[in-house]
Amino acid sequence: MTDIRAFDQTGEAGFRDYVALLKPRVMSLVVFTALVGLLVAPVPVHPVIAVASILFIALGGGASGALNMWWDSDIDQIMRRTCARPIPAGRVEPREALALGLVLSLISVAMLGLAANWVAAGLLAFTIFFYVVIYSMWLKRTTPQNIVIGGAAGAFPPMIGWACATGGISLESVAMFMLIFMWTPPHFWSLALFMKDDYSNAGVPMLTVTHGRKAARTHILVYTILLTPVAVGTAFTAIGGGVYLAASLILSAGFLRGAWRIWKRDEAAAEADKYAVEKKTFRFSLIYLAGLFAALLAEGVLHHLGLGGWW
Amino acid sequence: MGFSAGHEIFKRRLGRNLGLGGALLALVVLIFALTIVKVGDQPKPVSAKPAAASQGASG
Chain F
1 MTDIRAFDQT GEAGFRDYVA LLKPRVMSLV VFTALVGLLV APVPVHPVIA
51 VASILFIALG GGASGALNMW WDSDIDQIMR RTCARPIPAG RVEPREALAL
101 GLVLSLISVA MLGLAANWVA AGLLAFTIFF YVVIYSMWLK RTTPQNIVIG
151 GAAGAFPPMI GWACATGGIS LESVAMFMLI FMWTPPHFWS LALFMKDDYS
201 NAGVPMLTVT HGRKAARTHI LVYTILLTPV AVGTAFTAIG GGVYLAASLI
251 LSAGFLRGAW RIWKRDEAAA EADKYAVEKK TFRFSLIYLA GLFAALLAEG
301 VLHHLGLGGW W
Chain H
1 MGFSAGHEIF KRRLGRNLGL GGALLALVVL IFALTIVKVG DQPKPVSAKP
51 AAASQGASG
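Protein chains in written order, with the UniProt record's numbering: chain F, 1 to 311; chain H, 1 to 59.
For the record, the hints were derived by calculation from the structure and aren't laboratory data. It should be emphasised that the depicted structure is a prediction, and the values quoted were computed from it without experimental measurement. We put the CB at the ideal spot given by N, CA and C, even for glycine. Some hints could be false.
Pair by pair, the computed Cβ-Cβ distance ranges are [claimed, not checked]:
1) Leu98/F with Ser4/H: 26 to 36 Å
2) Gly6/H with Ala110/F: 35 to 45 Å
3) Leu114/F with Leu14/H: 31 to 41 Å
4) Asn17/H with Leu114/F: 25 to 35 Å
5) Gly15/H with Arg80/F: 21 to 31 Å
6) Ala26/H with Cys83/F: 24 to 34 Å
7) Val39/H with Trp263/F: 56 to 66 Å
8) Asn201/F with Ala33/H: 42 to 52 Å
9) Cys83/F with Gly15/H: 16 to 26 Å
Selected chain H positions facing chain F (in silico; Cβ < 7 Å) [stated by the list, open to error]:
10) Ile9
11) Arg13
12) Gly15
13) Arg16
14) Leu30
15) Leu34
Part of the chain F face toward chain H, derived, beta carbon under 8 Å [claimed, not checked]:
16) Val48
17) Ala52
18) Ala115
If we strip away everything but chain F, and leave its shape as in the complex, we get (with noise of 0.2 Å):
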């Protein structure tokens, strides 16, 4: 192993290699939900500091992700949907990840408060700072409540798009925020159901080896029954609205149903089919908050051409 790896390392990673490690998956959840913050806060913003706005909270992502994937370049070798990254697969060496991530850390804030303002700035600062230390560093390997927590840090781009434009945090902003921290766990442990990821090898408590498969499950419909009234009552918010009630109403029950089938069936079913049943509430889940805030922003049109809302 050590073998083919020395012939594999060259020493010379290629563009994309430094593009894989900001995660640029992760990236698109992060530009959509942000533009989503921005372009629904109630302050108009220029074009292009909304476009450069977008740009350095994604750069400020991407950091992120470079300095977690230094950090966990020990247990992404271990497991087998990580160990082609490029640190594991020896294409890019664990200090310039850091040196990468450090860089485009300070680059992002820095660029953040210039272009938009500075508690935008802070917030940033303050999902890579959570992401990487909060998360990474401590609790990903302490708790099994580590995805919960984690979550966090994936939900904070619309509050920082909506911080760009309006220059703070409102109920309207923490509320696109819950959003996605409560969707993440029941998001995440629908995949990790059907991953079978060598998480106990790698020294990572997930709730599925620690709590056992059916603890997952119930953990899931919970959240999910906890996620609904989050995802229903945004609509009567300020930036809700009819549109996004309906959506709301729509996507909670089809998400519902999924967490309620998954909770009702043992291993042994799930087996029996292949996990379809995981398999398509995680594909749903994507959908859900994929069309939530697709629907915000269809609320945020309607606002601008002077329809939608309750008032």
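With chain F fixed as given, assemble chain H onto it according to the hints.
For chain H alone, coordinates are given in the frame of chain F:
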């Protein structure tokens, strides 16, 4: 002993340099556009009022 001209290491190095060059160029364009917008948004300085009016205001 060295790498031949067609070795993959040179392709990777070229790709990395082009990518970095493109990223830096994009950053320069973005900062330039931001500067134009930010400077253009500055409130215009208040023009000097006629001496008589300012005297009247202060007196």
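Exercise for the section: For the range 31 to 41 Å, tell me whether the beta carbons of Leu114/F and Leu14/H fit it or not. Expected result: Given a distance of about 33 Å, which is inside 31 to 41 Å, the answer is holds.
Practice task
Closer than 8 Å between Cβ atoms is the bar; does Ala52/F clear it against chain H? Give me holds or violated.
Solution key: holds, 5 Å
Problem - Satisfaction of the Ile9/H interface hint, Cβ to chain F closer than 7 Å - result: Ile9/H check passes; min Cβ-Cβ to chain F is 5 Å, inside 7 Å.
Exercise for the section: Mind checking the hinted window 42 to 52 Å against the Cβ distance between Asn201/F and Ala33/H? Expected result: Holds: the Cβ-Cβ distance is about 49 Å, inside 42 to 52 Å.
Exercise for the section: Please verify that hint: Gly15/H, Cβ, nearest Cβ of chain F, below 7 Å or not. Expected result: holds, 5 Å
Problem - Consistency of beta-carbon spacing, Cys83/F to Ala26/H, with hint 24 to 34 Å - result: At roughly 32 Å between Cβ atoms, Cys83/F and Ala26/H fall inside 24 to 34 Å, so the hint holds.
Practice task
Take the C-beta atom of Cys83/F and the C-beta atom of Gly15/H, compute their distance, and say whether it sits inside 16 to 26 Å.
Solution key: holds, 23 Å
Exercise for the section: Using 8 Å as the Cβ threshold, decide whether Ala115/F counts as touching chain H. Expected result: With Cβ-Cβ at 6 Å, under 8 Å, it holds.
Problem - Arg13/H as an interface hint toward chain F, with CB separation required under 7 Å - result: holds, 6 Å
Exercise for the section: Answer holds if the nearest beta-carbon of chain H is closer than 8 Å to that of Val48/F; otherwise answer violated. Expected result: holds, 5 Å
Problem - Gly15/H paired with Arg80/F, Cβ distance criterion 21 to 31 Å - result: holds, 28 Å
Problem - Cβ separation of Val39/H and Trp263/F, checked against the hinted range 56 to 66 Å - result: Since Val39/H and Trp263/F have Cβ atoms about 58 Å apart, the given range 56 to 66 Å holds.
In summary, the structure agrees with every hint in the numbered list given earlier.
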